[in-house]
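As a plain string of letters, each chain reads:
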Amino acid sequence: MNVLLVDDEEKFRTAVARQLTVRGYTVHEAGTGEQGIAIARTTTLDIVILDMRLPGMNGTAVLKEIKQISPLTEVIMLTGQATVKTAMEAITMGAFDYMTKPMGIDELIYKMEDAHKKRKLKTQQINAAAPADENNEQTN
Amino acid sequence: MASVSLGKKKPATTKISMNQGISSGISEEILQTRAYFNRLKIRLGLAVLACFIIPHVLLSVYFHWQFTTALKKTGKLNIEALAKSQRNTIDLFLREREMNIRNLFYSKEFTPDPGEQKMLFFLQTLNHFSDAFVDVGFLNHRGIQTGYAGPFPALLNKDYKNEEWFSRLMAEQVKDYVITDVYLGFRNKPHFTIALKMTIDRRVCIMRSTIDPDKFYMFLRSIGKVKEVDTTLINQIGTYQLVDPLKANLLEKSSYVPPRDLNTGIHERTDEDEIMLMAHAWLNEVPWVLIISQPLKIIHAQMYKTRNAMFVNLAIITLFLGVVIWITASRLLNRAQTVAEESVQLQTQLIHASKLASVGELATGVAHEINNPLAIITSTVGVVRDMLNPRFNLDSSPAAINKELNTIESAAFRASGITRQLLDFGRKNEPQKGMHNINDIFDKVLQSFTKHRLDLADIELVRNYAPDLPDIKIDADHISQVFLNMLNNAEDAIKEKGTITVSTNFDRRFIRIKIQDTGEGMPLERIKEIFNPFYTTKEPGKGTGLGLSISLGIINGMGGSIEVQSLPGKGSIFTISLPADTPTNPKTSNLDRGEKK
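Read top to bottom, the protein sequences are chains Y and V. Using the working numbering, you'd call the opening residue of the first sequence number 1 and step up by one each time. Using the working numbering, you'd call the opening residue of the second sequence number 1 and step up by one each time.
Errors might be hidden in some of the hints.
Claimed, not checked - Some but not every residue of chain Y turned toward chain V, in silico, with C-beta under 8 Å:
hint, residue
1, Lys11
2, Phe12
3, Val16
4, Thr44
5, Pro55
6, Ile105
7, Ala130
Said to hold, decoys possible - Going by beta-carbon spacing under 10 Å, a handful of chain V positions derived as facing chain Y:
hint, residue
8, Leu374
9, Ala411
10, Glu529
Stated by the list, open to error - Only pairs whose alpha carbons sit at most 20 Å apart, straight line, appear in this in silico PhoX-like list of lysine-lysine:
hint, chain 1, residue 1, chain 2, residue 2
11, V, Lys197, V, Lys158
12, V, Lys108, V, Lys158
13, Y, Lys64, V, Lys514
14, Y, Lys64, V, Lys497
15, V, Lys570, V, Lys514
16, V, Lys495, Y, Lys85
17, V, Lys215, V, Lys197
18, V, Lys570, V, Lys528
19, V, Lys76, V, Lys297
20, Y, Lys11, V, Lys495
21, Y, Lys11, Y, Lys67
22, V, Lys118, V, Lys76
Honestly, the hints are just simulated from the structure, not real lab data. Glycine included, C-beta positions come from ideal geometry on N, C-alpha and C.
Modelling step: build the complete structure from the supplied sequences, incorporating the hints.
And the structure:
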């Protein structure tokens, strides 16, 4: 599973990345939103773990951009402050869910797997819908 | 560009000397307020007292002066009148005595050669009219005393033709009598003589009698009012003719002889440290002058009495007014002092409340700040757990684990540093002034709270510090709060990207701190409102509306001012001016204006 981790805290990023790596995930790291977008353009990503507060381009802007580049990629937002407002904002903008720092690795993986399931489901739906459309065209 | 300047609104109380012993526990502001009110109390009390007392004193002095002038005048008139009336009485007395003697010539018993029996009868007759007559004598034209009755029988047949009075009497053309000055004569005892000549059967004969000066004096003393004054009679060369035996002896010289050409008059002279008022009146019968004298202090006794009464009156009124004014002023000012002290305390509380509110505003940012190191800790703990998990087959050497522990430790310190700074700021501190550099305080504020936040919000911070900024005596805690408020506001004003420029400069008298943002700016109407308490444009729950109000209160308390310039769409400039020599300016709370954009 291809995972992109965007966070300006280098130590946090590497620690999470190491834990994910030993559990079999392929982890890409980015310190800024711009770096993250650059990776998103070149790599097919299953999951993006994205910090809300980033220097320069902020989390929500990055979310928008990534969703545009690859709409099927699921994004889990990380935030230092847990408010319903920020969560709602992130979800309306297309994020899968949000998590409050600090969080345990199991919790993160659980949410990632959830997101991955959703992504798979969406992919299947799209795949299923495409032939169906063709059929429809044929029948009409 | 809209611009509003808010200077000092209240007069600063002046410097006080502070007793360090007492001050512990009481804030400097309250002590300054107390000292200020104590001085005010004294000044007000004295001023009001003066308002009442000065006119009263002036009036009293004026009326006293009028009164004493009139009294002095009447005193002089009185004593002169007394001298005149006594003079007339004496003249009358002498004239009466002369008539008594004259009547002897016309009595039935008179013969040109009276014998001893007749002379005794004459003496009795004279004594019947006055006991001042000592004796009586009858002289023939040659000056031989041919008849005599009285206590000096040796005077019988005495020859008086060479006596001064006899020659005068014989030479006298207008009057037929003489009254002599007091003299010793043959009897060697002070007396004076009244002698009268009469021509009988073409022969001049003379009847004479001597008057006892003591009896004469007794007579004078018996006239009313004279007991209060000192009465003397002197002749024209100043010899005493009549005097108080306690003061001088007869025939001695008086030191003062009134001028002959002034029939009556007044004279003032100092006698043994005592000022005497003297009045004289020349007699008509003899060339004698009557002098009556009285010490001025007795004449003016009434004046002294009223003067004393006036002083007592003044003292009582002053005391009474003083007490009333003191009580009133004390009550009034105590009330005002209580209000002022409460206001100082309220200001302190408000500053603290606003500080806590700022902390609350910071909390969202700080949660992120703290959660970041906490996230590092939990994730690194996860890494270590993985290392110890044989399933992952990782390097679990002590060196590798130690490296992770170091990461955890430094993150923990980072978190505690943030909380400590927050606690430091939120703590309720008593105002404490010290010498500080504004640049350093600003840096500290930026370092503690805002720098990282500004980075995140994509706001560039430009610092233009003047290198020559002098240290000034301020409360660092309070001024930090002002800066934080200003920076918070600037940050809030910038919606997207922007720049906050902080500059300081010094122009000899004032240190100016300029906080300029490239935010949304404000119209003039809003600038007028921003310093009002509880005015806020922030969304509910984010701003208290107290920040700028409190900031203005703090800056005014330091003797400074805040100036605002703003242009909608371009940004705002807040300029704080602080006097460079602030050690003595007190805190006077100014809560009538102030707050955030």
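Practice item. Find the hints from earlier in the document that the structure breaks and name them by number, from lowest to highest. Key: Hints 4, 7, 10, 12, 13, 17, 20, 21, 22 contradicted; others consistent.
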